[in-house]
Structure formats: C-alpha cells, structure tokens
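Listed in order, the protein sequences are those of chains A and B.
Just so you know, the first sequence maps onto residues 1 to 101 in our numbering.
Just so you know, the second sequence maps onto residues 102 to 231 in our numbering.
Bear in mind the hints are in silico, worked out from the structure with no lab data behind them.
Hints are not guaranteed to be accurate.
[What the hints assert, rightly or not] With a straight-line Cα cutoff of 25 Å, these simulated DSS-like cross-link-like pairs (lysine-lysine) come out:
| hint | chain 1 | residue 1 | chain 2 | residue 2 |
| --- | --- | --- | --- | --- |
| 1 | A | LYS80 | A | LYS51 |
| 2 | A | LYS55 | A | LYS19 |
| 3 | B | LYS126 | A | LYS80 |
| 4 | A | LYS80 | B | LYS131 |
[Claimed, not checked] Residues from chain A that keep clear of chain B, each with C-beta distances beyond 10 Å, as calculated:
| hint | residue |
| --- | --- |
| 5 | THR44 |
| 6 | GLN58 |
| 7 | SER73 |
| 8 | SER85 |
| 9 | VAL88 |
If you're wondering where the values come from, they're calculated on a predicted model, not measured in any experiment.
Just so you know, even glycine gets a beta-carbon here, dropped at the ideal spot from N, CA and C.
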Amino acid sequence: MSMLHTVNKSPFNNDALSKCLQCAQPGSSILFIEDGVYASREGTTFTDSVKEALKDKQVYVLQPDLDARGMNSSLIDGIKTVDYSGFVDLTTEHDSVQSWL
Amino acid sequence: MKFGILVNEGPYQHQASDTAYNFVKSALEKGHEIYRVFFYHDGVNNGTRLTSPPQDDRNVVDRWSALAKENDLDMVICVAAAQRRGIVDQGEMERNGKDASNIAEGFRISGLGQLVEAGIQSDRLVVFGD
C-alpha cells in the first residue's frame, strides 16, 4: 500500500507537516500544496526534517503554488515539482490519498 | 480512474476551493471521471448564486457551475451544513418557510450519504480543506 500525503499548511503555522512526517511510511510520497510549499525551502528550521524524509520517500511540491508565492529559488535538493496534471498523476499512482490539513 | 472530491472550505477565505477546482479540471482534461464533488462544512458556501466578486477577480461559484455544465458534474451540497449557513434550494425554501432560495446552477442539496457513496464508488477520494 503506497500512500500520497498532501500537506497544505505552512510548517510555521501548525504541525500538519510534523504529523505527516511522523506517520508517512517509507516508500510513500509527500506533496506540498498551498501554504505547504513553504516547507520546500532550503535554510529553514524544517529543512532537516524534510531532508530526512527524502531519504526513503519521494517529496513533491506544486509549482503553481510556488509561483503564486514568488518562491522559485532555494528549493531543497531532491524535491520534484509538479503541476496540477502531475498532482492528478500522483493520486493515481498511489493507492490512497491522505490530506493533512 | 474515478475520483470523489470533498471540499470543506468556502470560497475566497482559503485556497482549498481553488485547488479542488484546478484538480478537478485537470483530472477531466486527462480523461478521468469525477464521480461526485461533495461540499461540506463551510464548503457549502461555494454554492450560492448571490456572490458578486470584483470583475478582475475569479468568480469561484460561476467557475464551478460552468465546469459542472461542461462536464455533467454531480456537485452535491450537504443539507445539514447548508441549512446552518443559509444555502437554500426550492425544496428547502418551502420546507423551512424561507422567502428565497440561492443555490447556484449545477449544485444540488442532499445528505451525507452521498459522500459515503462517493467514497465507496470512487477509486480515490481527495479531500480539500483547511
């Protein structure tokens, strides 16, 4: 069973990302959307935990939400960007989707 | 693949409705089927036809209605959440003695069983909320 986890909150606002990282199993994927994209930046207090997750999980970020926030630099190495079409593909490639709100 | 979509947030306050719209639009373009879009909690506010956002802003409600019309989408508003927030169709208007209805084109009011059914019938249920 592979699961896609979506995180739509900035890690600086609440603990959606922390909860997600605690529960996500190796081999699952995490997608940052909406304000969740703030977790994809290099050099923040959450960078290390995202890098840790990248060791055994795929991490993605929604490009349109990065664009909307003017965040087109300092992406953590290893995070892949997707558009809405890629978001849809991720939901079909995994057995289920868990939205961390 | 068959998708069920759950929208738990209203328009403009939060991005959830926008993300859900873009997801549904993209899924349809890719040839997937949207079994149902279910609007719950504050998400029912996506279904009032009385909104008039500024012309240079997106019209979230009209956009959903248009997408439903083009693609024959089933867009269901939770009745209990709608009653609390004043989202009213003709039947609810008569049942509750209200002087108007405001449901937007393409939406219908029904019960939570429709969400359960969407969860059972769809290959994936994707939740958008706050």
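Structure-based check of each hint:
no.: 1; hint: A/LYS80 / A/LYS51; verdict: 13 Å, holds
no.: 2; hint: A/LYS55 / A/LYS19; verdict: 18 Å, holds
no.: 3; hint: B/LYS126 / A/LYS80; verdict: 22 Å, holds
no.: 4; hint: A/LYS80 / B/LYS131; verdict: 21 Å, holds
no.: 5; hint: THR44; verdict: 21 Å, holds
no.: 6; hint: GLN58; verdict: 18 Å, holds
no.: 7; hint: SER73; verdict: 22 Å, holds
no.: 8; hint: SER85; verdict: 5 Å, violated
no.: 9; hint: VAL88; verdict: 5 Å, violated
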